[in-house]
Amino acid sequence: MVDFAPVATKVGYFAPERFEAEVFDCEVQGQIPRDLNGTFFRVGGDWLYPPKFADDAPLNSDGYISAFRFHGGVVSYKGRYVRTKRLEADRAANRQLYGYYRNPYTDDPSIKDPSRPNLRTVSNTSPLIHAGKLFTLKEDGLPHRIDPLTLETLGTWDFDGAWKSETFTAHPKLDPVSGEMVAFGYEATGLATNDVFIYTIDKHGKVTHEIRTKTPYLTMLHDVALTQKHFIIPMCGYVTSLERLQEGKVHWGWDNSKPGYIGVLARTGDGKDVRWFKGPQRCMMHTFNAYTSGDKIVLYAPFWDGNFFPFFPNVDGSPWDPKRARAFIRRITLDLKSKSDTWKEEILFPFPIVDLGKVDPRYVSLEQRYGFTGFADPQRPFDEARAGNIKGRVTNCYGRFDFTTGKFDSYFAGDTHSLQECSFVPRPGSREEGDGYLLGVAQNYAEMRSEVIIADARNLAAGDLARVILPFRTSAQVHGIWASAEELS
Amino acid sequence: MGVGGGVVVNARWPGFGGASVSRRTLGKQLAGAFLAAVAARAGVPQTLCNEATGAPTRNRDISPQPKPVVSFFLDQPYLDPSGVGEPYLPPQGLRGGEPLARLSERELRHIAPHG
Numbered sequence: 001m002v003d004f005a006p007v008a009t010k011v012g013y014f015a016p017e018r019f020e021a022e023v024f025d026c027e028v029q030g031q032i033p034r035d036l037n038g039t040f041f042r043v044g045g046d047w048l049y050p051p052k053f054a055d056d057a058p059l060n061s062d063g064y065i066s067a068f069r070f071h072g073g074v075v076s077y078k079g080r081y082v083r084t085k086r087l088e089a090d091r092a093a094n095r096q097l098y099g100y101y102r103n104p105y106t107d108d109p110s111i112k113d114p115s116r117p118n119l120r121t122v123s124n125t126s127p128l129i130h131a132g133k134l135f136t137l138k139e140d141g142l143p144h145r146i147d148p149l150t151l152e153t154l155g156t157w158d159f160d161g162a163w164k165s166e167t168f169t170a171h172p173k174l175d176p177v178s179g180e181m182v183a184f185g186y187e188a189t190g191l192a193t194n195d196v197f198i199y200t201i202d203k204h205g206k207v208t209h210e211i212r213t214k215t216p217y218l219t220m221l222h223d224v225a226l227t228q229k230h231f232i233i234p235m236c237g238y239v240t241s242l243e244r245l246q247e248g249k250v251h252w253g254w255d256n257s258k259p260g261y262i263g264v265l266a267r268t269g270d271g272k273d274v275r276w277f278k279g280p281q282r283c284m285m286h287t288f289n290a291y292t293s294g295d296k297i298v299l300y301a302p303f304w305d306g307n308f309f310p311f312f313p314n315v316d317g318s319p320w321d322p323k324r325a326r327a328f329i330r331r332i333t334l335d336l337k338s339k340s341d342t343w344k345e346e347i348l349f350p351f352p353i354v355d356l357g358k359v360d361p362r363y364v365s366l367e368q369r370y371g372f373t374g375f376a377d378p379q380r381p382f383d384e385a386r387a388g389n390i391k392g393r394v395t396n397c398y399g400r401f402d403f404t405t406g407k408f409d410s411y412f413a414g415d416t417h418s419l420q421e422c423s424f425v426p427r428p429g430s431r432e433e434g435d436g437y438l439l440g441v442a443q444n445y446a447e448m449r450s451e452v453i454i455a456d457a458r459n460l461a462a463g464d465l466a467r468v469i470l471p472f473r474t475s476a477q478v479h480g481i482w483a484s485a486e487e488l489s
Numbered sequence: 001m002g003v004g005g006g007v008v009v010n011a012r013w014p015g016f017g018g019a020s021v022s023r024r025t026l027g028k029q030l031a032g033a034f035l036a037a038v039a040a041r042a043g044v045p046q047t048l049c050n051e052a053t054g055a056p057t058r059n060r061d062i063s064p065q066p067k068p069v070v071s072f073f074l075d076q077p078y079l080d081p082s083g084v085g086e087p088y089l090p091p092q093g094l095r096g097g098e099p100l101a102r103l104s105e106r107e108l109r110h111i112a113p114h115g
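For the record, the sequence lines run as chains A and B.
For the first sequence, this note's numbering begins at 1 and goes up steadily by one.
For the second sequence, this note's numbering begins at 1 and goes up steadily by one.
Among the hints, erroneous ones may be present.
[Claimed, not checked] With a cut-off of at most 30 Å between alpha-carbon atoms, the simulated DSBU-like pairs for lysine-lysine come out as follows: (1) A:323 <-> B:67; (2) A:133 <-> A:206; (3) A:323 <-> A:272; (4) A:133 <-> A:258; (5) A:296 <-> A:339; (6) B:67 <-> A:10; (7) A:391 <-> B:67; (8) A:258 <-> A:203; (9) A:391 <-> A:344.
[As the list claims (entries may be wrong)] Some residues of chain B that are not near chain A, with every Cβ distance over 10 Å (derived): (10) 70; (11) 76; (12) 104; (13) 105; (14) 106; (15) 107; (16) 109; (17) 110.
Calculated directly from the structure, the hints in this document are not laboratory data.
For each residue, glycine too, the CB sits at the ideal point set by N, CA and C.
Make the full structure from the sequences, and use the hints.
Set out below in structure tokens:
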């Protein structure tokens, strides 16, 4: 029997969705721009069965991909679970067989196999389109290939056997100049190993270069950055070990004693070339972008001060500290000519933001100016009677942040809404950075539904151009991407 | 633009707010989570809360511990085992059609003539 009642966090708006859906010709408020032709793919998690452990990380929920397809001003929706091995095993058993987030030692004996941790991936983090193929990603397993029209899962993908890491990042980088993808896997040779394999894959999907290296300590490598010359590896303070996993704990703990490291290596080099810069502790989770300028690398990133995941406990036993769970937009400059092995860090905006940031995809790896991300503006109204006592705690705004002037423009979603990660859509025919649309899903807590907001990225303060209304809650998104009709054809 | 010098992400809160139906509901939901957390501290495998509630005799001798609380961070509820996070209190009747509750009998019958 399925019973989510004991899981205290799966209540009300946040109860699992547990169904697959298709809505043809969604309700729309406003006018969908006619030149918006393509698909907004989103990947997130939705528990089909309740977690085995009530305090498990939400990152362990089953992968779910959804698609809003835009054509001629009409939008249709589709949502499907990613048919991982794990989901199929759970469905066959009619219960949750898998234990804590990325800890196979806590799994049901019927499927337990710590030697193959990538078989238990839920593939719930990011969508990716490269070389005409659509994938769902999670950093503990291989990509799952998805049919872009039906969202049917077609199986895992190892690039015709050329991908040797057991894992594949949720944040590969796409070079808009060459069409190459640079991707990596960490814990590449098994559970609790500090091996990192980095691959360059050409625009046709063929692996052309491999780099194998190691990190100074075993940690989560969630996101990286790419320039035209360099591959940048920020590390954060999450730690794990085989002992920790065999003790039955969630994969990561936060170690306050670990310094920050940022690795730099040439895209065409090998693992021996990596140079590790060392600096103050930061939780370096996501990046905006980076570029190489002469002997310097400039990295824009929304790094956190400290542990921002309340479900990954501090290893010293101290309680999670919300005061350190704040992310700021930072400019980090790495001087390759300097003998100093540290970096210069500047906070560009004085208020915290959500670290799920995007840039114009045509400027990834190149010098750019604008970043887009959500933030909580406590000055905006919030209807607590209709949406809960979370005023000031919800992401109610998107911002366009000008990294060169310090100016920003903001969009407000509404007084019962919170916003998930935005995606930037270049305006067809325009080459100007930041000229396009901002898309994202707003969760309307009062009406128990999800709404796709569409705003002019150059004038966010003007509000919606249009909203696409779903008559239900769509599953929580981690990351999303826009794919033009041409990319999918 | 009204963004100030910082957002209170999750202010410290000594306990629940005023008594209400929501509080009772939340309390019920938290009971299982509390037992699971106690079980974890006692080294008892922390399986689903309803399984944990099936082993009360093993946990009775545990000294009082902080009461876990469902708080809210990054647009999601989370279970705070330290019990110091500000509780998340969803609006009443959220899953029961709160928008319908504002309608008059006439409006409601217009939408759902058969009840």
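Output the numbers, in ascending order, of every earlier hint that fails for this structure.
3, 4, 8, 9, 10 and 11
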